[in-house]
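4 protein chains.
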Amino acid sequence: MHFDSDYMNLCHPLILKRMAEVSQQSFSGYGNDSLSQSAQEQICRLCQSPEAKIFFLAGGTQTNMVVIDALLRSFEGVLAADCAHIAIHESGAIEFTGHKVLPLNHNNGKITARQIDDYVTSYYNDPNWEHIVEPGMVYITHPTEYGTLYSLNELEEISNVCHRHNIPLYLDGARLGYGLAALNTDVTLPDIARLCDAFYIGGTKCGAIYGEAVVFSNPQKANRFFSHIKRHGALLAKGWGASLQFDTLMRHFDDPSRYANQTKDTLYFHICRHAINQAMRIREALLQKGYTLFLDSPTNQQFINVSLQKAKELGNHITYGQWEPPKDNRITIRLATSWATKTEDVDQLINLL
Amino acid sequence: MHFDSDYMNLCHPLILKRMAEVSQQSFSGYGNDSLSQSAQEQICRLCQSPEAKIFFLAGGTQTNMVVIDALLRSFEGVLAADCAHIAIHESGAIEFTGHKVLPLNHNNGKITARQIDDYVTSYYNDPNWEHIVEPGMVYITHPTEYGTLYSLNELEEISNVCHRHNIPLYLDGARLGYGLAALNTDVTLPDIARLCDAFYIGGTKCGAIYGEAVVFSNPQKANRFFSHIKRHGALLAKGWGASLQFDTLMRHFDDPSRYANQTKDTLYFHICRHAINQAMRIREALLQKGYTLFLDSPTNQQFINVSLQKAKELGNHITYGQWEPPKDNRITIRLATSWATKTEDVDQLINLL
Amino acid sequence: MHFDSDYMNLCHPLILKRMAEVSQQSFSGYGNDSLSQSAQEQICRLCQSPEAKIFFLAGGTQTNMVVIDALLRSFEGVLAADCAHIAIHESGAIEFTGHKVLPLNHNNGKITARQIDDYVTSYYNDPNWEHIVEPGMVYITHPTEYGTLYSLNELEEISNVCHRHNIPLYLDGARLGYGLAALNTDVTLPDIARLCDAFYIGGTKCGAIYGEAVVFSNPQKANRFFSHIKRHGALLAKGWGASLQFDTLMRHFDDPSRYANQTKDTLYFHICRHAINQAMRIREALLQKGYTLFLDSPTNQQFINVSLQKAKELGNHITYGQWEPPKDNRITIRLATSWATKTEDVDQLINLL
Amino acid sequence: MHFDSDYMNLCHPLILKRMAEVSQQSFSGYGNDSLSQSAQEQICRLCQSPEAKIFFLAGGTQTNMVVIDALLRSFEGVLAADCAHIAIHESGAIEFTGHKVLPLNHNNGKITARQIDDYVTSYYNDPNWEHIVEPGMVYITHPTEYGTLYSLNELEEISNVCHRHNIPLYLDGARLGYGLAALNTDVTLPDIARLCDAFYIGGTKCGAIYGEAVVFSNPQKANRFFSHIKRHGALLAKGWGASLQFDTLMRHFDDPSRYANQTKDTLYFHICRHAINQAMRIREALLQKGYTLFLDSPTNQQFINVSLQKAKELGNHITYGQWEPPKDNRITIRLATSWATKTEDVDQLINLL
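Just so you know, the protein sequences line up as chains U, E, Y and L, in that order. End of the first sequence = 353 in the numbering used here, gap-free, step of one. End of the second sequence = 353 in the numbering used here, gap-free, step of one. End of the third sequence = 353 in the numbering used here, gap-free, step of one. End of the fourth sequence = 353 in the numbering used here, gap-free, step of one.
These are computed hints drawn from the structure, not numbers from a lab. Hints may be right or wrong, so weigh each one.
Since the list can't tell identical chains apart, any single copy or any two copies may satisfy a pair.
Said to hold, decoys possible - Derived SDA-like pairs: lysine to any residue, alpha-carbon spacing no greater than 20 Å straight-line: (1) Lys312 - Asn125; (2) Lys327 - Gln309; (3) Lys327 - Thr121; (4) Lys221 - Lys342; (5) Lys289 - Arg330; (6) Lys221 - Arg73; (7) Lys342 - Ser5; (8) Lys327 - Gln115; (9) Lys342 - His2; (10) Lys327 - Asp117; (11) Lys310 - Val346.
Model the full structure from these sequences, guided by the hints.
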């Protein structure tokens with residue numbers, strides 16, 4: 001039983017079915033095809049953003065580096081939580097493009113409008129500002145690396161402060177499906193499209209073999225994005241391989257031919273909601289059995305702080321993520337569910353806890 | 001009927017079958033999985049290169065930029081034919097990594113050991129050599145952008161001159177299958193592994209949805225390649241998505257469980273040979289009907305020079321690639337077959353010619 | 001006696017005199033000082049370009065890389081003669097900034113408006129243009145690497161074609177003084193300012209210890225140039241060290257306090273004209289004595305094709321530049337004069353010829 | 001009276017004298033000249049490092065970016081204090097070369113061997129290390145940005161831990177003269193050469209017009225450094241312009257022809273000691289008059305925390321550096337002396353305090 005991450009299973013069966021259906025057809029390369037167009041239309045409709053520009057890339061790190069490099073002027077940096085993926089786990093891919101990541105202290109993975117405002121205001125008040133990297137955009141993750149979510153109010157405040165300072169807001173939605181499908185969130189896909197200049201809808205962790213859908217809800221920011229993709233070596237020759245997966249995920253799950261306007265009707269939401277349900281069962285069991293939650297996550301990643309002894313016992317039966325190095329004989333571990341998690345595996349996990 | 005390129009169909013049905021088989025299983029991320037290990041073993045065996053290091057990336061431009069950036073020191077450039085993909089059609093992706101492409105005049109897409117030797121010798125004889133980009137590696141394509149092939153003797157000479165000058169030889173095998181399956185080639189996969197320091201076996205154009213297998217037959221050159229991949233944003237979270245495709249393509253085609261030592265036994269060779277057979281049928285018809293071949297290609301790309309009138313007529317029935325801009329009322333076009341080309345489509349094409 | 005290059009002597013004595021005068025004064029750093037302001041005003045006046053923005057950098061390669069990187073969008077390249085300094089002798093410094101140099105065949109160091117027009121037009125007509133580096137600016141040298149000069153008419157045509165295609169024109173004036181002081185040129189500094197978006201007035205080769213003055217006669221192109229300089233590590237802490245040299249060179253040579261509106265009145269012109277006079281003496285002697293000029297240069301660099309025997313003889317008495325490697329027992333060499341060349345050395349050289 | 005920085009005066013008069021002496025001579029370009037050789041020999045001797053390789057560059061940011069880029073492999077980052085120049089005031093010049101700056105919390109500008117050890121050890125213990133930028137070198141400043149100094153013992157510990165982990169140690173000596181000339185320091189130039197793999201001796205802030213001398217006391221680390229300089233556009237055509245300044249500064253100050261083995265005999269030490277003496281006079285006066293030192297600095301930069309009212313009063317008579325933004329009606333300011341500070345200006349400053 002595997003609970004170490006949410007990218008351990010290939011893809012939802014409907015995607016393979018769809019692939020089989022189109023495998024006899026020929027398509028033009030580089031995203032100039034009917035499947036890409038269809039997937040783009042679905043996403044525009046679900047985002048209530050008819051003017052949005054949509055592009056499909058292979059993976060998350062790549063998406064972050066291409067979008068950030070495209071949105072920034074060469075002498076600008078990107079503001080992000082100090083725990084953000086781009087600040088830590090992407091091996092300097094952002095710096096490879098020549099840009100500095102400007103870290104802000106995170107609170108359970110999140111940053112605030114106030115922090116952004118303070119940073120940018122201080123920057124321009126600094127007599128030496130021209131000698132310091134200029135903050136040129138804001139990067140947030142939703143859900144965060146800690147599984148937490150921004151509230152609609154928090155997102156609106158961040159969006160306001162960004163636009164007041166005239167810097168774009170970009171949201172990394174590697175796990176966006178698990179954020180949208182969380183039980184008590186008040187943030188919808190159209191909210192995200194309205195509040196961010198650009199974001200991506202994660203495929204790799206939410207049912208696809210590979211693929212992330214970049215959405216420029218502010219279409220002016222998409223200017224020459226094709227050239228940026230190409231120059232980063234990120235253009236997929238068979239663009240439709242990625243877009244058909246989104247075309248499948250973004251349709252109504254029990255009747256793929258019916259166009260849906262509500263994310264909740266989509267296969268994407270449906271399978272991510274399953275992951276949330278399983279995660280909530282684990283969370284409840286943890287609380288009942290007296291475990292110490294490392295923090296309160298409403299999404300598919302649950303973090304607990306356990307004794308090394310307990311961690312070792314669990315390790316005999318399941319795989320999990322080691323989140324922080326052991327300290328004082330205790331360790332923080334991550335239990336992740338996904339669209340593919342089996343209910344019976346969660347049953348067994350609960351018994352083991 | 002589509003003859004414009006060889007990346008217009010998703011993938012061979014056996015790949016989708018294999019995907020369905022593993023879709024219930026969980027795998028570790030980032031290439032640490034049993035499918036990647038199996039595919040690596042297959043490729044080592046077929047290359048007769050037990051020590052080779054194998055990595056799987058998503059696409060060709062990406063593969064070129066990561067490998068070239070990894071093999072070069074920061075102040076070095078890469079020698080390549082002036083018509084090479086990296087010199088023209090990759091939108092400056094190599095320059096994005098900070099390296100210059102040093103062009104050599106091509107002859108039907110190929111360069112010679114003599115040209116390389118002359119360039120490197122002149123370089124070190126130039127009193128200003130330290131002010132000029134140093135040639136740090138050689139890049140060749142096989143088949144070339146013009147569909148032509150190196151002979152074993154030519155490859156051996158190029159390899160010798162590279163190693164005499166102590167610079168690595170890298171072969172871009174985006175269409176390698178069509179090269180190996182050509183009718184009169186004397187170059188085998190073990191030859192390529194023996195003569196090149198690194199090369200890649202193209203998947204995207206030869207039966208896979210996506211994926212290129214980088215082979216460091218000189219394993220020392222693979223030092224820290226994982227870090228290079230990661231930093232370029234090119235690491236696939238679900239590495240097994242690409243490797244299972246190679247694991248399928250590199251097995252014996254009618255009995256996937258049997259390990260084969262001969263490329264000729266593999267699904268990869270089998271489906272590429274089909275493309276060659278269809279291309280040779282087209283070539284013969286062209287010659288019979290008095291067309292002017294732009295050059296003599298033994299692989300899946302056939303180039304002809306036709307009147308604009310004829311080109312327009314063909315365009316009513318088939319799609320083709322426009323190779324060079326029209327001149328003097330004539331135009332050079334490309335007819336490409338692939339593993340997916342239907343025999344009956346070629347029948348019809350021949351009737352149209 | 002040294003005739004190998006024009007950067008073998010420190011600087012004109014008036015510069016050292018000026019340095020001594022200001023060495024007791026304190027100045028603000030990073031170009032915010034009265035000397036920089038004065039030098040900028042002088043240059044604006046001489047260029048008849050009151051709105052121009054002027055910056056002082058240390059050397060030529062650095063200037064080229066910062067200006068080119070600032071003028072181009074990240075996915076664009078720079079059109080240049082294939083013999084241009086940026087294409088050959090700058091060790092990939094342009095590629096280091098991520099940009100490709102797009103070479104055009106040179107004719108005695110020059111390129112034509114027609115070549116630029118053809119390249120750009122073909123580019124946008126190419127169905128694959130988005131896969132190819134976009135031409136984003138034009139770089140020319142004046143004088144060229146071969147000592148030749150553009151005529152006013154040629155410059156106007158190049159400027160027109162650039163602006164018609166909406167790409168900036170940048171002129172590398174490492175030896176600009178020797179171009180302006182040539183005997184029969186019809187190109188003046190105000191012409192260059194009017195026709196180019198940006199250019200630099202070379203100091204290092206024309207009387208200064210170090211320093212090049214970048215002129216954005218199109219001031220919009222100077223947007224955020226300070227940040228570009230800083231990020232390239234090219235900002236001089238003591239900016240006035242470079243600007244006082246230009247402030248000295250750009251004043252009337254026999255009365256440094258009098259502002260001059262004509263380049264011809266300046267110390268810069270005066271000392272460069274001396275180099276031209278000496279070069280013309282050499283040229284005449286060469287013609288009289290039956291030497292084969294490699295090409296006809298009106299500036300301070302003279303190229304001749306001599307037997308290896310003759311070259312060796314000369315080498316016993318003078319130093320010269322080896323321009324092309326020996327071939328068929330003959331070799332092309334460069335004899336360069338400079339602002340510091342002594343008349344009596346030229347006398348002796350003429351005797352030796 | 002100017003106390004805002006230590007780079008407000010052109011250069012020591014002996015440098016201009018030396019320039020005048022050589023201005024009639026011709027020298028080869030790019031550092032291949034007798035003055036550069038002489039300066040290199042002087043520095044090797046003073047460092048007691050006969051095998052050291054020495055290079056002369058124009059400025060500090062440039063030196064940092066070229067050295068760091070040369071010492072790191074492409075996927076590595078540089079450990080530095082979070083207040084370090086490269087982490088803040090160099091506008092992303094390090095990131096421009098593709099490398100991440102990995103910040104450590106500073107203590108009065110310094111970092112410790114323990115911090116480095118902990119960081120590197122944790123890094124390799126992290127199961128995700130391959131996804132995180134690898135620490136590839138350590139950067140320290142001496143004196144630090146806060147004017148503080150490492151003790152010999154601290155430097156030895158840092159050197160040991162670096163070499164135990166097999167990563168090079170690089171010391172930024174922009175103000176090295178003021179560190180060597182401090183009154184109670186136990187660190188000498190040979191110590192620095194012995195303990196660091198590379199460092200630079202600052203010229204711009206210590207008596208030169210421009211110029212920093214990079215010393216690779218570990219000569220293997222200098223491999224191909226010329227090519228790195230060139231590619232960064234940092235090669236000075238007239239290399240001797242910078243090296244003659246070091247040749248002057250590094251000689252015995254009252255008899256420039258006598259070679260000295262002790263830094264203390266050099267003009268460099270002599271003029272920096274003057275700055276220290278003046279700074280200590282200011283420091284004593286501050287303490288006597290009851291000012292609050294922001295921290296205890298033994299070098300030419302003194303930091304005090306004063307009321308805004310007092311700062312305004314001082315501002316009527318002198319210039320100073322604003323170090324931190326005002327807070328609670330108080331502000332931290334910097335008073336910097338230099339080799340050029342006049343004793344009578346310090347007298348007056350003391351009266352004003």
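Each hint tested on the structure:
no.	hint	result
1	Lys312 - Asn125	between (52 Å within a copy, 18 Å between copies)
2	Lys327 - Gln309	within (13 Å within a copy, 49 Å between copies)
3	Lys327 - Thr121	between (38 Å within a copy, 15 Å between copies)
4	Lys221 - Lys342	neither (41 Å within a copy, 42 Å between copies)
5	Lys289 - Arg330	within (17 Å within a copy, 53 Å between copies)
6	Lys221 - Arg73	both (12 Å within a copy, 14 Å between copies)
7	Lys342 - Ser5	within (14 Å within a copy, 42 Å between copies)
8	Lys327 - Gln115	between (30 Å within a copy, 18 Å between copies)
9	Lys342 - His2	within (10 Å within a copy, 43 Å between copies)
10	Lys327 - Asp117	between (35 Å within a copy, 18 Å between copies)
11	Lys310 - Val346	within (18 Å within a copy, 66 Å between copies)
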